[in-house]
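Participant: Chain residues, written in single-letter form:
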Amino acid sequence: MLTTRYEYAIEVEGLSKTYAYHHKEPGLRGSLRSLFRRRILERRAVDGISFRIETGEVVGFLGPNGAGKTTTLKMLSGLLYLTSGHAEVLGHTPSRREPEYLRQIALVMGQKSMLWWDIPAMETLLLHKEMYDLPDKEFRATVRELGEMLDVGHLLGVQVRKLSLGERMKMELLVALVHRPKVLFLDEPTIGLDVVSQQRVREFLSELNRREGTTVLLTSHYMDDVEALCPRVLVIDQGRIHFDGALTELVESTAPEKLVTVVFAQPVPGDELAAALGGVELIPTEDPLRVRLSVPRERVAGVTAGIVRLGGVADLTIQDVPVEEIVRRVFTASGREVAG
Amino acid sequence: MRYLRVWRRYLLISLALVMEYRVNFLVSVLTGLVELGLAVLTFVLMFRFTNDVAGWSRAEVLMLAGVYRVVDALITLQVSPNMHAIPEYVQEGQMDFVLLWPVSSRFTVSVRLMNLPALGNLVSAVALIVYAGNQAGVRWSPGGVAEAAAFMLCGVVLLYCLWFLIVTCSFWLVTLDTISDLFYGVFEAARYPVSFFRGVLRVVLTFAVPVAFATTFPTQSLLGAADTRLLAVGVVLAAAGLVLTQLFWSYAVRHYSSASS
Numbered sequence: 001m002l003t004t005r006y007e008y009a010i011e012v013e014g015l016s017k018t019y020a021y022h023h024k025e026p027g028l029r030g031s032l033r034s035l036f037r038r039r040i041l042e043r044r045a046v047d048g049i050s051f052r053i054e055t056g057e058v059v060g061f062l063g064p065n066g067a068g069k070t071t072t073l074k075m076l077s078g079l080l081y082l083t084s085g086h087a088e089v090l091g092h093t094p095s096r097r098e099p100e101y102l103r104q105i106a107l108v109m110g111q112k113s114m115l116w117w118d119i120p121a122m123e124t125l126l127l128h129k130e131m132y133d134l135p136d137k138e139f140r141a142t143v144r145e146l147g148e149m150l151d152v153g154h155l156l157g158v159q160v161r162k163l164s165l166g167e168r169m170k171m172e173l174l175v176a177l178v179h180r181p182k183v184l185f186l187d188e189p190t191i192g193l194d195v196v197s198q199q200r201v202r203e204f205l206s207e208l209n210r211r212e213g214t215t216v217l218l219t220s221h222y223m224d225d226v227e228a229l230c231p232r233v234l235v236i237d238q239g240r241i242h243f244d245g246a247l248t249e250l251v252e253s254t255a256p257e258k259l260v261t262v263v264f265a266q267p268v269p270g271d272e273l274a275a276a277l278g279g280v281e282l283i284p285t286e287d288p289l290r291v292r293l294s295v296p297r298e299r300v301a302g303v304t305a306g307i308v309r310l311g312g313v314a315d316l317t318i319q320d321v322p323v324e325e326i327v328r329r330v331f332t333a334s335g336r337e338v339a340g
Numbered sequence: 001m002r003y004l005r006v007w008r009r010y011l012l013i014s015l016a017l018v019m020e021y022r023v024n025f026l027v028s029v030l031t032g033l034v035e036l037g038l039a040v041l042t043f044v045l046m047f048r049f050t051n052d053v054a055g056w057s058r059a060e061v062l063m064l065a066g067v068y069r070v071v072d073a074l075i076t077l078q079v080s081p082n083m084h085a086i087p088e089y090v091q092e093g094q095m096d097f098v099l100l101w102p103v104s105s106r107f108t109v110s111v112r113l114m115n116l117p118a119l120g121n122l123v124s125a126v127a128l129i130v131y132a133g134n135q136a137g138v139r140w141s142p143g144g145v146a147e148a149a150a151f152m153l154c155g156v157v158l159l160y161c162l163w164f165l166i167v168t169c170s171f172w173l174v175t176l177d178t179i180s181d182l183f184y185g186v187f188e189a190a191r192y193p194v195s196f197f198r199g200v201l202r203v204v205l206t207f208a209v210p211v212a213f214a215t216t217f218p219t220q221s222l223l224g225a226a227d228t229r230l231l232a233v234g235v236v237l238a239a240a241g242l243v244l245t246q247l248f249w250s251y252a253v254r255h256y257s258s259a260s261s
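As given, the protein sequences belong to chains A and B, one line each in that order.
Its first residue numbered 1, the first sequence is counted upward by one per residue in the numbering used here.
Its first residue numbered 1, the second sequence is counted upward by one per residue in the numbering used here.
Hints may be right or wrong, so weigh each one.
Said to hold, decoys possible - Far from chain B, by Cβ distances over 10 Å, these chain A residues were calculated: (1) Thr-55; (2) Pro-64; (3) Lys-74; (4) Ala-106; (5) Asp-136; (6) Glu-145; (7) Asp-194; (8) Arg-210; (9) Arg-240; (10) Thr-254; (11) Ala-276; (12) Gly-302; (13) Gly-311; (14) Ala-314.
Said to hold, decoys possible - Stretch by stretch, here's where chain B covers chain A in the computed footprint (C-beta under 8 Å, at least three residues): (15) 77–84; (16) 108–118; (17) 129–135.
Simulated from the structure, these hints should not be mistaken for lab results.
Even for Gly, the Cβ is constructed at its ideal location relative to N, Cα and C.
Excised from the complex, chain B in its bound form:
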């Protein structure tokens, strides 16, 4: 409960910051829309000459693009601003305050910043899913939507854990910018269904990098073609990821040397 109230406060602070920079907000929302347009265009062009790729029709791939953008928006909203900031806290000594609040330090560093303009992307991405879903002849059901949402949540949590694991290394390393870029590069692969990839790469993208949980499986849920057992796997993986990263974080914090003032 207290953690929820703390999160709410951070949300209100982010809102206050948005109000402070309204133009910035508008530009971000517009950029999001342009990006969405370009993404749709890519797929439209891809399917100009063929009706399906690896068993996915045009409308289905468009849906997947929508799901990818929902996950991307959630990550941009809550995960990436914080992951970028963590090495900074360590370098500049802001971690001092984080560690001295009577709230889990891992929680604070993970939720402190929110990129609210990403909410615009979230809305447009949902619109894209609905549009493409109707084209693909999806029969919407609360169960399917809930299952898709659960898959996406697992995917987001897993992606967060992976990123958090990397960023936690900043207690030992000085700069991590390039590693964050690598993370983005791999996540980009999630725009395409995992079945576009073959062999080892597919296994890696599904489990090592939980891209399939974030995008392929939720789309299949909406299409009524998902393997429900995979959801159990996803939940177990996400829980394990959270525990593992917590252990690593606690260990890393012991190595904090607190940049001198």
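Extracted from the complex, chain A is given alone in its bound form:
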């Protein structure tokens, strides 16, 4: 393995960001008052977080709006100065924005576009070619390769405003990656996309990570993104990290039960069923033949066996609690350290 100047792709220690803002009371009087005497308030968007990400990892940032995900991403890419703490990405201090650093990273935001609306995306690509000083041959090879992976190669000459939302997002990724960054920051990359496009973007990102070893840090509202892409998640709320670890570990520690759904061929007497369940709670459903159960992990085998013994089972499924539900639990237990 090659020796590099840095041990981790991303290293963050006690990172904090405080925004100052003015308090303004409503109405004309409030406006006048705030003109002369401003109350400057502070909001801690990020409050002393620490984590390390290894080269080639794909890590998901989970958290509600205003949790500090985007602020962290912006500090790591170099857009925002830190209030306190220490951050190092690829051995660089991001906020210095040294050209050598900027050449190795990319930030893609689902809600902001760097494409020129009225002209084909190729124009923006050629601009990036000059900005990043890419050799002709390399540039063309990269565009061809990414164009194929994203399936937008044939759309490079079409005006951006004529592309669909999904195509535009893929184009956005192509442009952002044309200089082959080592670290990719993604802020809500699939927001507003239809299910098929979301799927395509996910597949692309995981292929990119596999092929190029790109380190990816992404925030998303869609749990599917995180489930499909990120072996590791950071759960953040109110500027603090509440969980840092494998997604499976998060599921196990927060949701010690599984969801069992049983569909019977004919109605089963209530007392027989209750006996088979041995105290496990029933979640009522509208269909009398369908029974849903929330079963502690260690009792799943016993309970399902008991149900099968009742006879007349048409279908039986065992599922994990959805990640959405798990994250909701982490946040309702706010302030309490959940794990990690």
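For chain A, the structure is supplied; the task is to place chain B on it using the hints.
Facilitator: Frame of chain A; chain B shown alone:
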């Protein structure tokens, strides 16, 4: 070199945009011609009843109008579209991309947009200078033209610096539209030779607002009446302006709070 190639790309993008809106382009060029006609008419009327104002003859003032329009065209071409866009980048968060390109952010925000229809104004303004110059009996020399161009360039750079300084405040202020209007108001004064103004106002227009460098001095160069030492002053001022605005920009960027997505 790389910066030149990046600029060339922006030029090509502007061209592509022009092709996209051809009618728009034609209308802009025509508007420019009408404006030129009106400007000439103003001066013709002004000199109906007098032969010279503050020592400037009719043909000379017409020349100055031409120089003013060259400077105005250069500003419209490269400076003003960008100065108008900067507060927008800050408000809407487009600055994110600008800051993450491995190219000077000040450079990018200053050259990104070009208003190519202004090239039409440039051509007509040069034509006006040549016409009025011949009437004023100018003996054209490469030296005089080069000196005039150098003065104009200093003037444009100084005007750009002034405007850029104001616009950089958008990192702290929310809207700046009215300030840009103020800038235009002052620049309009450059249509007239600085000697039309007296006392404090003349000093302010010459140095605080570098209007004289943009128009009066270049015209005097063509007329062979310029003080060459002033060119050195202009170059020093322009260089100082560029350094100063760079320092202020770097400081301002630290206050960027990046509009939330």
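Participant: Work down the list of hints and note, for each, if the structure agrees.
Facilitator: Status of the hints after comparison with the structure:
1. Non-interface status of Thr-55(A) relative to chain B is upheld: no Cβ of that chain comes within 10 Å, the nearest being about 21 Å off.
2. Every Cβ of chain B is farther than 10 Å from the Cβ of Pro-64(A); the closest lies at roughly 14 Å, confirming the non-interface assignment.
3. With a least CB separation of 5 Å from chain B, Lys-74(A) falls inside the 10 Å interface cut-off, contrary to its annotation.
4. Against the 10 Å criterion, Ala-106(A) falls within the reach of chain B, whose nearest CB is about 8 Å from its own CB.
5. At roughly 12 Å from the closest C-beta of chain B, the C-beta of Asp-136(A) stays outside 10 Å, upholding its exclusion from the interface.
6. Separation of Glu-145(A) from chain B is adequate, the least Cβ-Cβ distance of about 22 Å exceeding the 10 Å criterion.
7. Chain B leaves Asp-194(A) outside its interface by the beta-carbon criterion, the shortest separation being 20 Å against a cut-off of 10 Å.
8. Annotated as non-interface, Arg-210(A) keeps its C-beta farther than 10 Å from every C-beta of chain B; the closest such distance is 25 Å.
9. Remark: the non-interface label on Arg-240(A) is consistent with the geometry, its nearest Cβ contact in chain B lying 19 Å away (cut-off 10 Å).
10. The beta carbon of Thr-254(A) sits about 28 Å from the closest Cβ of chain B, which is more than 10 Å, so the claim that it is off the interface holds.
11. No Cβ of chain B comes within 10 Å of the Cβ of Ala-276(A); the nearest lies about 52 Å off, and the non-interface call holds.
12. Every CB of chain B lies more than 10 Å from the CB of Gly-302(A), the least distance being 49 Å, so the non-interface label holds.
13. With a least beta-carbon separation of about 56 Å from chain B, Gly-311(A) lies farther than 10 Å from that chain, consistent with its non-interface assignment.
14. Interface exclusion of Ala-314(A) from chain B stands, the closest Cβ pair being 48 Å apart, more than 10 Å.
15. Interface restraint, the stretch 77–84 of chain A with chain B: holds (5 residues with C-beta to C-beta distance below 8 Å; minimum three).
16. Check result for the stretch 108–118 of chain A against chain B: holds, 7 residues qualifying (beta carbon to beta carbon below 8 Å, three or more required).
17. A stretch counts as covered by a chain when three or more of its residues have a beta carbon under 8 Å from one of that chain; for the stretch 129–135 of chain A and chain B the count is 4, and the coverage holds.
Checked against the numbered hints above, the structure violates hints 3, 4; every other hint is satisfied.
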